[in-house]
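Undergrad: Here are the chains, one letter per residue:
Number of protein chains: 2
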Amino acid sequence: MHDKIYLDHGSGGMIAHQFTEQVLMPLFKNPMLAPLNDGAVFELAGARLAVSTDSFVVDPVFFPGGDIGDLAVNGTVNDVAMCGAIPHYLSMGLILEEGFPMDDLKRILKSVRKALDQAGVQLITGDTKVVPKGAADKIYINTTGIGLIPAGVTVGGEKARPGDKIILSGTIADHSIAVLTQRQELGFNCSVTSDTAPLNAMVQSILKITSDVHVLRDPTRGGVGTALNEIARQSGCGMVIMEDSLPIAKEVAGICELLGFDPLYLANEGKLLCIVPAGFADDVLAAMCQDPYGAQACIIGDVVRDHPGRVVMQTRIGGKRIVDMLVGEQLPRIC
Amino acid sequence: MHDKIYLDHGSGGMIAHQFTEQVLMPLFKNPMLAPLNDGAVFELAGARLAVSTDSFVVDPVFFPGGDIGDLAVNGTVNDVAMCGAIPHYLSMGLILEEGFPMDDLKRILKSVRKALDQAGVQLITGDTKVVPKGAADKIYINTTGIGLIPAGVTVGGEKARPGDKIILSGTIADHSIAVLTQRQELGFNCSVTSDTAPLNAMVQSILKITSDVHVLRDPTRGGVGTALNEIARQSGCGMVIMEDSLPIAKEVAGICELLGFDPLYLANEGKLLCIVPAGFADDVLAAMCQDPYGAQACIIGDVVRDHPGRVVMQTRIGGKRIVDMLVGEQLPRIC
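Top line first, the protein sequences correspond to chains A and B.
In terms of our numbering, the first sequence is residues 1 to 335.
In terms of our numbering, the second sequence is residues 1 to 335.
Any given hint could turn out to be false.
The list treats identical chains as interchangeable, and a pair is accepted whether it falls inside one copy or across any two copies.
Once the Cα atoms are required to be at most 27 Å apart in a straight line, the calculated DSSO-like pairs of lysine-lysine come out as [said to hold, decoys possible]:
no.	residue 1	residue 2
1	Lys106	Lys29
2	Lys106	Lys320
3	Lys110	Lys4
4	Lys159	Lys29
5	Lys29	Lys114
If you are wondering where the hints come from, they were derived from the structure by calculation, not from laboratory data.
Same shape as in the complex, but just chain A:
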């Protein structure tokens, strides 16, 4: 146990998981929190609801393809959708640094509004706090989303079964690389844009093919590598993915190679993993490809009986390597 908070405690990696398991869960464990999915599922007045919360601290606040405003909407919309729910309502809590330019704030709020419209959700309540200069970095946004789960839908990491197919909705690592290239210390000149996008319509298209979807997960902090490890642990199944079938933009792959980043662990903000029984895989894949954010969807692997709880990658050159959970974080403040 560490005696103080490190950046790694906020990552999607092992230290963050240990923090959750050793500090948070002993205090707060209950049947709704225990599954540790992206959101909580509960019944209220006979309806099954999904709720998810996220604070966004991305640096810089404006980046190619988006800003902290649409990121904060899409991030929570997607977490609610990954519960199999239709997101309806969002709350927004702003923490602003004294001196933050009003024009920047208005630009961010306009992009919040645009993202709300695109996802078809409504902002219903909010809160604004201002802290003195130096007590925050420009703007932090918390969003909490509420959605309704259609009858018959039950998704969750624990539901993956051997024989299931693993489908990924598109290229990996775009968001992380888009944000990274904007950091002041790097002088990158490239055309990579964040993939920030609402995925709730895609989830509805998938659920129209079959309500027997086992897992939905958006591989944000920690990337596809961490998300698959979480699902492997939750389900007690093994996972095999094929390196060759992982979609990645050429420029993104190049920058990762240059900087020594593994794209498998970099954040995506408009991608989802969908795990379904093999018999539905082709139809689900076809439905995903029809979605504006799923054109490059493909099957990247299988859920297997072997190596329970572990993720293995068949490499391009024919070998196998274990895709482990990262200990810490490659890039802090990515969302």
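Dock chain B against chain A, hints included.
TA: What follows is chain B alone, placed relative to chain A:
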């Protein structure tokens, strides 16, 4: 319109209201957000739900009578309860500064847990972000709460009517003064403690007397003065309060006098204003006095036809003064 964000934008005062009306509402106005109560009320699957969100940035994080942990739970539990709802579930988003001592975090999380138990609500989902040293001040906590509104209950600032009685549940300004005396720059040695407390049980006791409660409001940022002004504007009624009947602890009154603060505008974190038809006032008051947090409840004034939208105070010496909305904030980072 200011060209950048000032501390006053996060106050409960006039500049914060202008920011809401000029920047936020034109972008986000909808029937649920429009009433600008402490929480939003909406229907989902036939149930009437209340949702409220708040980010807590109090400085210092530990203060006499509480800490940022129980404050964050009670604050949102109370905002949900002020919609007439029974709070059931809470989400929690942590923003931690790199280097924050783990022992302090554990102490805060324990007090979150204790406050959850006391209020009878469950934490169902959460999020942890860590920002580099200097990009936040120790710890910020967002909580979002969800509750169920019993059939027949409809409270809201717009429902105050001439003839109604205004009841306050206890002494004012305790929280602000308790936090203020801990600020490093002041060397106060006093026994004032924060009033942070869950008020959901008191609300249920009130609603047992009558479901015809017009307004419930917890006078946090901006204090009783601002809360009454908000209700006067929402309802288009006037308000008259008697200075003599405003409960205030002697020590708190003394410190306010010394420092030039008006306790009417200082934050409370365990008090509520209840506005009911005069015929129910005595019974509601009696019920409030039975609650552990309402022993000093009293009727402080009346809703009137005169001076619509304005709050007037009958002073101790027999005069009258207008209780206006403050322009800014007397004390930043009070919650």
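Undergrad: Taking the hints in turn, state whether each one holds.
TA: Here's how the hints hold up against the structure:
| no. | hint | verdict |
| --- | --- | --- |
| 1 | Lys106 <-> Lys29 | between (39 Å within a copy, 15 Å between copies) |
| 2 | Lys106 <-> Lys320 | neither (50 Å within a copy, 41 Å between copies) |
| 3 | Lys110 <-> Lys4 | between (38 Å within a copy, 17 Å between copies) |
| 4 | Lys159 <-> Lys29 | within (20 Å within a copy, 40 Å between copies) |
| 5 | Lys29 <-> Lys114 | between (37 Å within a copy, 13 Å between copies) |
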